[in-house]
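Participant: Sequence:
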Amino acid sequence: MRPVFYTQEVKAPNSRARAGAIHTPHGTMQTPAFIAVGTKASIKGITPAQYQELGIQSLIANTYHLYLSPGERLVEEAGGVGKFMGFSGPIMTDSGGFQVFSLGEGFGKKLSKFLPEEATREAGVAHYDEELATSHGKLAVIDEDGVSFTSHINGSLHRFTPERSIEIQHALGADIIYVFDECTAPTADYEYQKEASERTHRWADRSLKAHRRNIEKNNQQGLYGIVQGGRFEDLRIESAKTVGGMNFDGYGIGGSFSKHDILGILDKVNENLPEEKPRHLLGIGEPEDIFIGVAAGVDTFDCVLPTRNGRTGGIYTKDGKIQIPNAEYVNDFGSLDPGCECPVCKNHTRAYISHLFRTYEMLGPVLASMHNVYFLTNLTRTIRQSILDGRFEEYKESFLARYKK
RNA sequence: GCGUCGGUGGCGGAGUGGUCAAUCGCACUUGGCUGUAAACCAAGCGCCCUUGCGGCUACGUAGGUUCGAAUCCUACCCGGCGCA
2 MRPVFYTQEV
12 KAPNSRARAG
22 AIHTPHGTMQ
32 TPAFIAVGTK
42 ASIKGITPAQ
52 YQELGIQSLI
62 ANTYHLYLSP
72 GERLVEEAGG
82 VGKFMGFSGP
92 IMTDSGGFQV
102 FSLGEGFGKK
112 LSKFLPEEAT
122 REAGVAHYDE
132 ELATSHGKLA
142 VIDEDGVSFT
152 SHINGSLHRF
162 TPERSIEIQH
172 ALGADIIYVF
182 DECTAPTADY
192 EYQKEASERT
202 HRWADRSLKA
212 HRRNIEKNNQ
222 QGLYGIVQGG
232 RFEDLRIESA
242 KTVGGMNFDG
252 YGIGGSFSKH
262 DILGILDKVN
272 ENLPEEKPRH
282 LLGIGEPEDI
292 FIGVAAGVDT
302 FDCVLPTRNG
312 RTGGIYTKDG
322 KIQIPNAEYV
332 NDFGSLDPGC
342 ECPVCKNHTR
352 AYISHLFRTY
362 EMLGPVLASM
372 HNVYFLTNLT
382 RTIRQSILDG
392 RFEEYKESFL
402 ARYKK
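Position 147 (the first sequence) corresponds to 148 in the numbering used here; numbering is contiguous.
Hints are computed from structural coordinates only; laboratory data are not their basis.
Be a bit skeptical, because a hint or two may be false.
[Claimed, not checked] Pairs of lysine-lysine, DSS-like flavour, derived with a Cα cap of 27 Å: (1) Lys12 to Lys347; (2) Lys242 to Lys45; (3) Lys218 to Lys41.
[Unchecked claim] Computed Cβ-Cβ distance ranges for the label pairs, DEER-style: (4) Asp190 to Glu398: 36 to 42 Å; (5) Phe334 to Lys84: 39 to 45 Å; (6) Glu329 to Asn248: 26 to 32 Å; (7) Arg214 to Arg309: 33 to 39 Å; (8) Asn332 to Glu199: 56 to 62 Å; (9) Leu364 to Lys269: 44 to 50 Å; (10) Gln53 to Arg213: 51 to 57 Å; (11) Asn327 to Asn215: 25 to 31 Å; (12) Lys347 to Lys242: 22 to 28 Å.
No experiment lies behind these values; they were computed from the predicted model shown.
Don't be surprised by glycine CBs; every beta carbon is placed ideally from N, CA and C.
Construct all of the structure, not just a fragment, from the sequences and the given hints.
Facilitator: As structure tokens, then:
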């Protein structure tokens with residue numbers, strides 16, 4: 002028996018949507034599930050004591066960040082990342098593969114998953130600042146064996162290889178760890194994407210071997226492979242087949258950029274991954290994206306948006322997103338999302354939270370993050386129930402009709 | 001009363017003869033954020049016309065000098081400080 006495994010309860014009749022559970026040494030999570038992002042062993046703004054009432058079953062921390070600070074040895078000494086941060090449930094660690102992108106090709110773009118320049122300008126968002134990027138250079142450089150990083154904190158030089166990433170993740174001690182992959186830019190051309198995906202496959206093999214070599218950790222931690230392939234369908238399918246054939250404990254689907262239609266290929270990706278293993282869609286997403294993912298057979302999701310949007314005033318509601326600091330909410334005495342059962346909505350008004358943001362009280366970002374995380378965990382919980390009840394499609398239609406109105 | 005310094009856009013505060021509707025910060029308005037270099041970033045912010053290296057009105061008030069003034073001169077009004 003592997004330390005991490007999936008059990009299915011109900012499969013929807015007309016899609017790959019499924020309800021089940023992922024079992025780990027630190028507990029079981031009911032899927033589909035939203036996994037909160039806790040990069041530096043902290044879901045920004047939320048204390049572990051609040052996880053349960055916010056529906057947080059699990060979180061994903063980051064190898065690169067914890068390696069830089071406080072260092073994997075210290076976390077190990079503390080008893081692992083869960084013990085260190087005071088959370089007893091299941092935890093994942095991402096391998097640092099995303100930082101290959103955000104500190105490499107993504108560096109200086111400010112938009113971590115950048116859009117083409119015109120679309121960027123149209124959307125009114127910051128775009129590539131060439132002077133900034135070139136004055137600092139990339140912070141990550143890739144070669145066949147691994148990636149050299151310049152610390153974004155103090156400029157010191159560091160090196161990750163698949164073996165090293167696994168070694169660090171062994172020390173961090175999460176239930177589910179990931180192979181070291183290369184997250185490519187969505188704008189990468191076919192040739193580069195092919196090259197990068199194939200390298201990621203070689204790294205997946207090396208990560209797996211490194212994990213198996215450590216008998217003790219291999220029996221305590223599950224290892225997920227990662228599918229890449231960018232926006233190219235044939236590369237995605239090829240990647241799913243290759244990584245899917247390697248007998249990982251689960252599969253992450255990486256490099257997803259919804260605005261580049263990569264989610265459209267998801268169904269074909271999952272068609273080529275083993276049915277009996279859990280699938281995680283890395284870094285996604287928005288409520289619309291979650292429905293796409295679930296329909297395609299994804300079990301778990303993680304995304305920075307609920308906490309990042311929350312910190313900056315963006316609030317999820319059943320009627321779409323709102324900007325709580327905006328003038329129209331300063332005297333709105335309703336709750337953030339009318340009808341929401343979260344502790345924030347039960348106790349506070351939009352007017353109050355708008356005030357907190359406008360006066361830079363840290364409680365504003367905290368309450369907003371709490372509500373947003375609840376919104377996503379509750380969404381996946383409701384989706385799960387709809388699958389169990391055999392009405393996933395109806396629920397999807399009704400939710401999106403209102404959300405996107 | 002005399003002397004002196006000063007009055008610039010919601011506020012603070014640059015500018016001190018042309019390229020100034022006026023640097024910058026704050027405030028304000030709006031937008032963005034998808035494995036977190038992110039409690040962040042961007043745009044707008046006198047009025048008007050969808051437009052434009054567009055028109056109009058503006059730098060205490062009123063005049064004046066000049067091809068041209070927020071910038072120079074005169075008077076007045078207001079404020080700080082000093083002396084009476």
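Participant: Hint by hint, say whether it matches the structure.
Facilitator: Against the structure, the hints:
Between Lys12 and Lys347, the direct Cα distance comes to roughly 34 Å. Violation of the 27 Å bound is thereby established for this hinted pair. With a C-alpha separation of about 36 Å, the suggested pair Lys242 and Lys45 falls outside the 27 Å cut-off, and the hint is violated. A threshold of 27 Å between alpha carbons decides the hint, and for Lys218 with Lys41 the separation of about 22 Å falls inside it, so the pair holds. Here the CB-CB span from Asp190 to Glu398 is close to 37 Å, well matched to the stated 36 to 42 Å.
A hinted range of 39 to 45 Å holds for the C-beta pair Phe334 and Lys84, which are about 43 Å apart. For the pair Glu329 and Asn248, the beta carbons lie near 54 Å from each other, so the given range of 26 to 32 Å is not met. For Arg214 and Arg309, the Cβ-Cβ distance of about 37 Å falls inside the hinted range of 33 to 39 Å, so the restraint holds. The hint said 56 to 62 Å for the Cβ distance between Asn332 and Glu199, and at roughly 58 Å that hint holds.
A hinted range of 44 to 50 Å holds for the C-beta pair Leu364 and Lys269, which are about 45 Å apart. Under the hint 51 to 57 Å, the C-beta atoms of Gln53 and Arg213, about 35 Å apart, miss the expected range. Range check, Asn327 to Asn215: about 52 Å between beta-carbon atoms, so the 25 to 31 Å window is missed. With their beta carbons about 48 Å apart, Lys347 and Lys242 fall outside the hinted range of 22 to 28 Å.
The structure fails to meet hints 1, 2, 6, 10, 11 and 12 from the earlier list, while all remaining hints are met.
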